[in-house]
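Required output: the full structure, derived from the provided sequences and hints.
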Amino acid sequence: METAEHGNAGTALRNSLWNLLFRVVSSTDFSRIAWTTILRGACLSFLKEPIDELPLSDNDASRLALKARFLALPDHRVYDLFEFLLTDDHAGLKEMDRKLIRRGLNELLEREGAPVRLYRDRFRPYQDFLGFDEMAEAGETVRLFDMAAAQRHMSTAMAYLSRRPEPSFRGAVREAVLAVTAVAREISAKDVAGGGESPPVIVGSVAHAAKAAGIPPELLAGIEALLRRAHAVSGLPIGGEASRVGEEELDPGEAHLLVVFASSLIVYLAREKGKEPAA
Numbered sequence: 119m120e121t122a123e124h125g126n127a128g129t130a131l132r133n134s135l136w137n138l139l140f141r142v143v144s145s146t147d148f149s150r151i152a153w154t155t156i157l158r159g160a161c162l163s164f165l166k167e168p169i170d171e172l173p174l175s176d177n178d179a180s181r182l183a184l185k186a187r188f189l190a191l192p193d194h195r196v197y198d199l200f201e202f203l204l205t206d207d208h209a210g211l212k213e214m215d216r217k218l219i220r221r222g223l224n225e226l227l228e229r230e231g232a233p234v235r236l237y238r239d240r241f242r243p244y245q246d247f248l249g250f251d252e253m254a255e256a257g258e259t260v261r262l263f264d265m266a267a268a269q270r271h272m273s274t275a276m277a278y279l280s281r282r283p284e285p286s287f288r289g290a291v292r293e294a295v296l297a298v299t300a301v302a303r304e305i306s307a308k309d310v311a312g313g314g315e316s317p318p319v320i321v322g323s324v325a326h327a328a329k330a331a332g333i334p335p336e337l338l339a340g341i342e343a344l345l346r347r348a349h350a351v352s353g354l355p356i357g358g359e360a361s362r363v364g365e366e367e368l369d370p371g372e373a374h375l376l377v378v379f380a381s382s383l384i385v386y387l388a389r390e391k392g393k394e395p396a397a
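The numbering used here numbers the first residue of the sequence shown as 119 and each following residue consecutively.
Label-pair ranges, simulated between beta-carbon atoms:
1. Lys217 x Pro335: 46 to 56 Å
2. Arg362 x Thr146: 52 to 62 Å
3. Leu226 x Ala343: 34 to 44 Å
4. Asp170 x Arg150: 20 to 30 Å
5. Ile320 x Pro283: 27 to 37 Å
6. Pro173 x Arg362: 57 to 67 Å
7. Arg282 x Glu258: 18 to 28 Å
8. Arg270 x Arg150: 39 to 49 Å
9. Asn133 x Val319: 44 to 54 Å
10. Ala179 x Asn133: 16 to 26 Å
11. Arg150 x Leu344: 52 to 62 Å
12. Lys329 x Ala267: 17 to 27 Å
Quick caveat, the hints were computed from the structure, so don't treat them as lab data.
Values in this document were obtained by computation on a predicted structure and should not be read as measured data.
Backbone N, C-alpha and C define an ideal beta-carbon position, used for all residues, glycine too.
As structure tokens, then:
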């Protein structure tokens, strides 16, 4: 989609998104009230518009009114609207319609070359399928192993990357570094178990978890180099002092690389936890 607001013409991606919504809603609208319900819900809870002059007694007129509003939204608000329709109970969309939209959205986004994909009803930035899958797998890993702190930081990192209209790349790197810190602390706990000590909290390094995680020395050196870079650009203090690098403009490509790296590292570290016998 283009960055400007749109009139009734729209772009190929915007038109395809509307066509998906139109096909799904119309195909299950046997009672002929679906568009009226969705228009009312969108104006009340998403657009925050007055509803007294909406054509709520005319289903087709409601569809056209919603279409006009859809095509006039700024690009980032189109994604916001779909997230609203998929998650908010006030949206008026049937659960069957939500399932059909979820099923067709990513195929549509891939076909149109969109820079996002849908994951857990949120649009996430997408550069390649490997990076997207790594971030998704990292999120699943910390959830599966009940790593609450890491899960919060990974969720926040994804939210920063997905922030619209402008992502917060430094915020995403910062949260990814903190997620690695939380996972490394969990893994290193195996080395201090039974000793009455608490595992250390060390930001920007996993050396303290290397033995428990089974990281070869040669691999550890590369991991540490990338982590130091991520720590430096994250804006987090280093040795109690602010990082000068963390105040410089951060290249979006580097930010994406560092977040994907952190995601891969989380999955790699947690593999050892998955081998632990059940308590």
